[in-house]
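Engineer: Residues per chain are reported as follows:
There are 2 protein chains.
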Amino acid sequence: MEEPAAPTETELLQRITQLANDGSQDELETLVESLPASDLAFAVAHLDEAEIQAVLGTLPAEAAAGLLSQLSDAQAAGVIAQLTPAEAATILQEMGTDEQADLIQELDEARGDAILEQLPAQEASEVRELAAYDDDVAGGLMSREFIALPVNATVRDVLVEIERALESMGDGDARYGYVVDDQQRLVGVLPMQNLLFVRRSTVVRDVMIPEPMTVRDDASLDELSDVFESRAFLGIPVVDEAGVLRGVVQRDTVHDAEYEAAESDYMKSQGIVSEELRTMPVWTRARRRLSWLSVNILLNLGAASVIAVFQDTLQAVIALAVFLPIISDMSGCSGNQAVAVSMRELSLGLVRPGEIARVWLQEISVGLINGAVLGVLVALAAIVYDGNPLLGMVVGVALFLNTVVAVSIGGTVPLVVKRLGFDPAIASGPLLTTITDMCGFFFVLGIASTMLERLAS
Amino acid sequence: MEEPAAPTETELLQRITQLANDGSQDELETLVESLPASDLAFAVAHLDEAEIQAVLGTLPAEAAAGLLSQLSDAQAAGVIAQLTPAEAATILQEMGTDEQADLIQELDEARGDAILEQLPAQEASEVRELAAYDDDVAGGLMSREFIALPVNATVRDVLVEIERALESMGDGDARYGYVVDDQQRLVGVLPMQNLLFVRRSTVVRDVMIPEPMTVRDDASLDELSDVFESRAFLGIPVVDEAGVLRGVVQRDTVHDAEYEAAESDYMKSQGIVSEELRTMPVWTRARRRLSWLSVNILLNLGAASVIAVFQDTLQAVIALAVFLPIISDMSGCSGNQAVAVSMRELSLGLVRPGEIARVWLQEISVGLINGAVLGVLVALAAIVYDGNPLLGMVVGVALFLNTVVAVSIGGTVPLVVKRLGFDPAIASGPLLTTITDMCGFFFVLGIASTMLERLAS
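Residue numbers (our numbering), protein chains in the order written: chain D, 1 to 457; chain G, 1 to 457.
Next comes chain D alone, as it looks inside the complex (with noise of 0.2 Å):
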């Protein structure tokens, strides 16, 4: 069934193999550093466990820090996983806290304790500091890597300060200092081309922009991709209650993690909870998995005890299980749908929690509409099936009606559970479909069971 991959791909994992197994390190350096990034973790994704290791063993850990960089946070982490504690922390080291934070929370704890004790005290503190933020508020998202400079500095301090901090911050952004007083509260920002035209002399709190724009350390990323939208700042500082400087947060982070939050709200709403990988362990796939899939099978068990109540009339009208599934599946799709249309209007901020009832009014013209229109359709091909027309009218009318059902409940659903401060992404889904197929079971053999005489004759 499968074809061969592309030459060019083939051809890119025989050459990253070879070179790491001649321990080519110039040239693997060369070739990592130009392939782009997608090229890189797809290599990683197809080469085996000793390769990687023969590969990170080649590689400078600044180039070896810089390819895991390129990968997801649980890709990269699966890569560090085959370290020893001390190869990990040697390419940690070459990574911004920030970065060093993500891949710790990814990895089960042993194995992240294990690589922070071979940190140094300072570093591995500022890592655990991080780790211990949400990653989706300004906290988990910031850096620790930025130029810090005393209000009371001279200029002639400050380019010491600068020269000194170039050499430890890495990929840090060094276009601003970021000024504080002797409390380490945020006083100012210093763009550093404003200390090319001034005297070696100068206080820094005479060239310095007073009371910056901050974010609060718990501000979420709504916020953050507000404050970057609408400015075009590269790096907002983020402080704590007291005013303390505890970081910066990048334009490009507050992007990424806003993709990660939309692919992730995808995958939640089919169930992937959290992010995986095939190259990971098979029992944990399937268990992070199983986890979703119980909940949905204790609660479609529920749903379908309404068939068992009226199981004399289904054994009646046996006709009618052709058109159970049926029901089911198109209101479930039809509540997806108004469901989908509710995630990204929160998303966008164009509805708020509390606004179910206008939700819930615009929804049910839609689901009037089209529960007619798909009413019909199966009434036609109930007819069609069975030659009977009241047989093709009770499934026509359950699904009207379960539909306006599906879509009022799709519609509202995420409201309601936002309100209620769970994940809407995740609990919605399991939600709809489980009230839609109790309903829509209901509605039909409930009609049906009304007019038994006249249907089984």
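Mixed in with the good hints, there may be bad ones.
Stated by the list, open to error - Just the calculated beta-carbon pair ranges, DEER-fashion:
hint	chain 1	residue 1	chain 2	residue 2	range
1	G	232	D	21	29 to 37 Å
2	D	167	G	33	38 to 46 Å
3	G	218	D	23	39 to 47 Å
Stated by the list, open to error - SDA-like cross-link-like pairs, simulated, lysine to any residue; straight-line CA separation at most 25 Å:
hint	chain 1	residue 1	chain 2	residue 2
4	G	418	D	13
5	G	418	D	8
6	G	418	D	9
7	D	418	G	72
Said to hold, decoys possible - Some residues of chain G that are not near chain D, with every Cβ distance over 12 Å (derived):
hint	residue
8	83
9	123
10	156
11	159
12	182
13	389
14	449
Everything labelled a hint here was simulated from the structure, so no lab data went into it. The beta-carbon is built from N, C-alpha and C at its ideal position, and this holds for glycine as well.
Based on these hints, arrange chain G on the given structure of chain D.
Structural biologist: Below, chain G without anything else, positioned relative to chain D:
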């Protein structure tokens, strides 16, 4: 059921409409410019037609354009559709050509043409040119606002040209000039800071960076992502087959497009194929959703016809009817998990569409584990419900087998659909559920029919 919206939001809406009705241009402009994008989008979604017209009528054209640029394309197009072509054109003239093209693409053709006729001929033809590109290739994402410099011009000429260009280009990036030969082919890039310390008589050729990195106008979003992922560029020039400079793609535009693609995959997987807002006309919304639902109901009827074939078996063992929707739903869930993982691995570049056998092998092991667990659960439920171990065995084995089928189909169908050149986000779900429904009904009823005598006793 609805609780009042938070006071600040109601107040915000009241304040906007009041300022618009009073015609308080300056105050309204200040308010609109101070609002974060999400509040503007919220307000536009909550004001009625007359109120929006009043707001846009009060704002100067530039501020109105700024407001629209904070909205999604569909929301902005909804607002534009409420204006006369002349009013719309006045506002559009304050936008970049790429934003204009995005809006025109959202409008129906007649209205779009009417607005373009009101624009200067040169501008209208540029918008038409951009609107002709797909919106997920470099040509559709690029901006036409850039500074083009003749390679033989002197720095003196350039400074005049820049001053002229800055007036007309609005939001464009003026940090780079793009150097072209007399055929308009791109031959270099000129960072504007290079102009600071050279003589006015120097020729552009001598200060530009020759042979800059470019992308082709048909480059995909993935290629653009790779470029911006691996380089710190803020923008990259777009050239056609002949090397002629067509535009510049900005980093932020690519980030936004990636976000929209991820979100749109989620929407499409749930049957919302083009952007829908609840403020759109109800008939439009109903029609768009129906086009997907009506394909689904046909597929559903096809799958359910398997039940019809086994109607006698079902009549004899009516308890099976309770489990048919459970088998259908649970297989759909397991299969959709596999679809989601494949969609993500495709978008991360971890698998290529040709690797069907490899993905299938990685997926089937999860299917065997989860199929066994779910099969046992449903078998126990059947035994509790009916007291018949044989019934438990039938539905348990059927769900086990069908889970294996579902993950096999789910994991591979996005790759197959993509190889065939269709959109896996739209087509994978319906194909998956149709096949798994058919197989699931066949397994339950087929196995049951082979042991009908013992089951029915």
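Engineer: Each hint needs a verdict: does it hold in this structure or not?
Structural biologist: Tested hints:
At roughly 33 Å, the beta-carbon separation of residue 232 of chain G and residue 21 of chain D lies within the given 29 to 37 Å, and the hint holds. At roughly 41 Å, the beta carbons of residue 167 of chain D and residue 33 of chain G sit within the given window of 38 to 46 Å. A C-beta distance of roughly 41 Å is found between residue 218 of chain G and residue 23 of chain D, which places it inside the suggested range of 39 to 47 Å. For a cut-off of 25 Å, the pair hint linking residue 418 of chain G to residue 13 of chain D stands: about 23 Å separates their Cα positions.
The straight-line distance between the Cα atoms of residue 418 of chain G and residue 8 of chain D is roughly 20 Å, inside the 25 Å bound, and the hint therefore holds. Taken as a hint, the residue 418 of chain G and residue 9 of chain D pair is honoured in the structure, with Cα atoms around 18 Å apart against an allowance of 25 Å. Between residue 418 of chain D and residue 72 of chain G the alpha-carbon distance is near 23 Å, which keeps this suggested pair within the 25 Å criterion. Under the 12 Å C-beta cut-off, the non-interface status given to residue 83 of chain G relative to chain D holds; the minimum distance is some 20 Å.
Chain D leaves residue 123 of chain G outside its interface by the beta-carbon criterion, the shortest separation being 25 Å against a cut-off of 12 Å. Consistency note on residue 156 of chain G: stated as away from chain D, and its beta-carbon is indeed over 12 Å from all of that chain's, at 25 Å minimum. With a least beta-carbon separation of about 20 Å from chain D, residue 159 of chain G lies farther than 12 Å from that chain, consistent with its non-interface assignment. For residue 182 of chain G, the condition that its CB be more than 12 Å from all CB atoms of chain D holds, with the nearest at approximately 34 Å.
Even its closest Cβ contact with chain D, about 18 Å, leaves residue 389 of chain G beyond 12 Å, as expected for a residue assigned away from the interface. For residue 449 of chain G, the non-interface assignment is confirmed: its Cβ lies about 14 Å from the closest Cβ of chain D, beyond the 12 Å cut-off.
Going through the hint list in order, the structure satisfies each hint without exception.
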